[in-house]
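If you want the building blocks of each chain, they are given just below.
Protein chains: 2
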Amino acid sequence: MTEFIAPLQNLMDHFRRLPGIGGKTAIRLAFSVMELPEQEAEDFAAAILAAKREIHLCRECCNVSTEDVCPICADEGRDHSTVCVVEDAKAVLSFERVHDYRGVYHVLGGTLSPMNGIGPDHLHIRELLHRLGDDTVKEIIVATNPTVEGEATAMYLARILRPFGVTVSRLAYGIPVGGDLEYADEITLHRALEGRRPIG
Amino acid sequence: MTEFIAPLQNLMDHFRRLPGIGGKTAIRLAFSVMELPEQEAEDFAAAILAAKREIHLCRECCNVSTEDVCPICADEGRDHSTVCVVEDAKAVLSFERVHDYRGVYHVLGGTLSPMNGIGPDHLHIRELLHRLGDDTVKEIIVATNPTVEGEATAMYLARILRPFGVTVSRLAYGIPVGGDLEYADEITLHRALEGRRPIG
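Top line first, the protein sequences correspond to chains A and B.
Take the first sequence: its position 72, counting from 1, is numbered 97 in the numbering used here, and each next residue is one higher.
Take the second sequence: its position 38, counting from 1, is numbered 63 in the numbering used here, and each next residue is one higher.
One or more hints might be untrue.
As the list makes no split between identical chains, a pair holds if one copy fits it or if it spans any two.
Unchecked claim - Computed cross-link-like contacts, DSBU-like style, restricted to lysine-lysine with a CA-CA straight-line distance of at most 35 Å:
#, residue 1, residue 2
1, K115, K163
2, K49, K163
3, K49, K115
It should be emphasised that the hints constitute simulated quantities derived from the structure, not laboratory data.
Model, not experiment: these values are computed from the prediction.
Use the sequences and the hints to build the structure in full.
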């Protein structure tokens with residue numbers, strides 16, 4: 026045996042294909058799955074299938090949901106006039122953890138990336154524009170990540186949203202709370218200066 | 026949605042239970058599985074079940090195997106008089122990668138650990154002793170890890186193997202090749218001195 030036995034190699038390859046999982050981690054994970062109790066391995070396999078089969082995109086906001094319309098969009102208590110546009114479902118979770126935002130979301134499903142062949146049609150932009158049809162939405166907060174692609178996507182959205190007459194805002198940039206000026210990169214410092222606000 | 030939707034949470038929990046997978050990694054992995062093509066998710070689930078169902082322990086060496094006797098034990102070209110005793114199947118792979126060792130193996134399935142309630146009966150020691158029944162084995166190389174438990178297991182094995190009249194050896198300790206003396210811990214240096222050999 027100069028290689029892994031086939032079922033182990035196969036499982037390892039599957040783990041390896043997941044993001045951030047290297048060769049050694051894939052080996053460790055495959056071995057640990059092999060050592061799981063039978064019932065737990067079955068539950069794990071079923072959980073993978075369920076995640077694929079039971080999760081759809083919300084008809085309104087394109088967030089992941091087991092329902093046709095996700096609980097956030099279905100919640101009458103939330104402010105449906107404010108839509109926070111994020112790249113993915115993980116960002117929704119980050120905002121929800123803050124317990125501060127009472128508006129709704131729109132999940133783009135990525136960012137524009139011409140280099141990788143991802144244009145506006147690959148994102149849920151059409152669905153976003155569709156939501157502007159009935160005058161409910163007053164403000165759109167573009168909360169894409171502060172990366173090159175996230176910025177480009179924000180710029181693109183600002184441009185195509187202009188004709189709709191809604192307020193389009195962008196998250197504030199600056200020094201993260203608890204961060205140290207010494208370690209802040211130049212662009213962040215530049216943005217922090219630019220966005221300075223009067224105090225007192 | 027202040028929490029994950031159920032199928033996602035469930036999948037995340039399964040990932041979380043694997044060794045070395047923390048909360049954030051579990052989230053990332055669960056999301057990436059959700060985004061897999063349907064076919065690939067099905068293959069992944071099947072791979073988990075196959076790893077449980079198709080892999081058994083070799084009747085001879087207790088290594089993982091899809092056959093009753095693993096390819097190494099079944100290989101007539103290998104030296105069946107030398108048995109390298111390792112903690113787990115991963116260690117077998119490490120040795121096999123060296124392409125230098127032509128003997129066979131015996132997988133203990135762990136180390137003695139009274140603290141965790143793991144005694145000799147929990148390891149494949151009985152199976153090892155059984156292999157000494159027909160005078161084939163002449164040398165046993167104890168290759169448990171140089172940890173407290175690995176050492177204790179090596180000592181225990183040396184003691185119970187003595188009556189069988191086989192040579193029992195232990196892997197050499199020392200400075201790892203490419204390592205720097207500056208960073209070697211005291212015990213390793215002590216062992217390296219103790220195990221010094223004449224050169225030239």
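Checked hints:
For the identical chains of this complex, K115 and K163 are intra-copy neighbours only, at 24 Å inside a copy versus 59 Å across copies, given an alpha-carbon limit of 35 Å. For the homomeric pair K49 and K163, the shortest alpha-carbon distance between copies (34 Å) is at most 35 Å, but the shortest distance inside one copy (50 Å) is not. In the homo-oligomer, the alpha carbons of K49 and K115 lie at most 35 Å apart both inside one protomer (26 Å) and across protomers (10 Å), since each shortest distance falls under that limit.
Against the hints set out earlier in the document, no violation occurs for any number.
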